[in-house]
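Asker: Protein sequences, first through last, are from chains A and B.
So in the numbering used here, spot 44 of the first sequence is number 44, and the numbers just go up one at a time.
So in the numbering used here, spot 48 of the second sequence is number 48, and the numbers just go up one at a time.
In short, the hints are calculated from the structure, not lab data.
A hint or two may mislead.
[Unchecked claim] Below, in silico cross-link-like pairs of lysine to aspartate or glutamate (EDC-like), each with a Cα-Cα straight-line distance of 20 Å or less:
1) A:Lys-88 <-> B:Asp-37
2) A:Lys-51 <-> B:Asp-37
3) A:Lys-88 <-> B:Glu-33
4) A:Lys-88 <-> B:Asp-120
Fair warning: this is a prediction, and the values are worked out from it, not measured in the lab.
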Amino acid sequence: MDLKLDHHSKDGIEIVDVEGEIDVYTAPRLRELLIELVNSRFYQLVVNMEKVEFLDSTGLGVLVGGLKRVRAHDGSLDLVCTQERILKIFRITGLTKVFGIHDTVDEAIAARRSEK
Amino acid sequence: MATVELSFTPLPAHVRTARLVATAVARRSGVDESLLDEVRLAVGEACSRAVEEHQLHCPAEPVRLALSDMADRFEVEVTDNCARDSAKLAGVGLESTAGMAGAAGMQAGLGFAVIAGLADNVEISETAEGTCIRMSWPSAGAVR
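Could you put together the complete structure from these sequences and hints?
Answerer: Structure, rendered in C-alpha cells:
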C-alpha cells in the first residue's frame, strides 16, 4: 500500500494522519510535509501512526528530523501508535526515550497541554 | 544455490518488491508467521542500504538478493556491488555505527540497529563484488 498523508488542526495542535507504508520510497513525502508544516509555523505536531502498516529506519529518520526541526522552535512532535509491530522498531532503536508515544490523539494533546 | 534469487535496479520503489518476495519465500520455507514481520523489515533495511550505496557509487549495477531454504534455517543475503563502501562498512561494524557522522551516519546506524535487533543471526562480509549482509531465521522446513 502506498502512503496517504493528511493533516488538520485540533486544539491548536497540528495532527498529521499517516496511512500505509513509510519506507525508503515513501518517506521523502512525509519529510516534505513535516518541513512544510514547520515552515508554515506549526511547531506543535502529533503524528498519528495508527494506520501505518510498515515503518523502516528511513521513516524513523524522517520523524527524528521532524522532531529536531520543531524543537529548534521550542515545539514538540508526539506520536500516536498502539501497534506492537511498529512500537517494536522504536524500542529496538531506543527511540521510545526520544518521542512521546501515546495511545490516542486526545491523549497526545492532553499530555502536551499538561507540559505547558 | 539459493531457492530464489532476485536482482533489481537500485531504485527505492523496488525495495518494496524485494520485501514482498522475501516474505513470500520465508513463509513457504516454513518460517513461523510471528517472524515474518521481522524478515520483511530486516530485508527491507538491508535492501534500502544497498540501494542508497548503489545510487551513490554504482547506479548502473543491480542489487542482489538471495533467499535460501536450508535444512532448518531461512537465509537471506543482500549483496551490493559497491566495493568502495566495503572498507567503510568493515571498519564501522554493527556495534559502532552510532559513531558515523551526520544524517547519513544516523540513518545507517538506525538501519543496522534494526537489522541487528530483528534478525536471528547477522553476518556482514566483503565479497569480490561488494558488501554482503547475511541474515537468517529458524524455519520448520520447507513446504514443497
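Asker: Each hint: holds or not?
Answerer: To see whether the hints hold, each was checked on the structure:
1. Taken as a hint, the Lys-88 (chain A) and Asp-37 (chain B) pair is honoured in the structure, with Cα atoms around 11 Å apart against an allowance of 20 Å.
2. Proposed proximity of Lys-51 (chain A) and Asp-37 (chain B) is supported: the alpha carbons are some 16 Å apart, at most 20 Å.
3. Taking the CA atoms of Lys-88 (chain A) and Glu-33 (chain B), the gap is about 16 Å. The hint holds against a cut of 20 Å.
4. Straight-line distance between C-alpha atoms of Lys-88 (chain A) and Asp-120 (chain B) comes to about 15 Å, which keeps the hinted pair within the 20 Å bound.
In terms of the numbered hints stated before, the structure departs from none.
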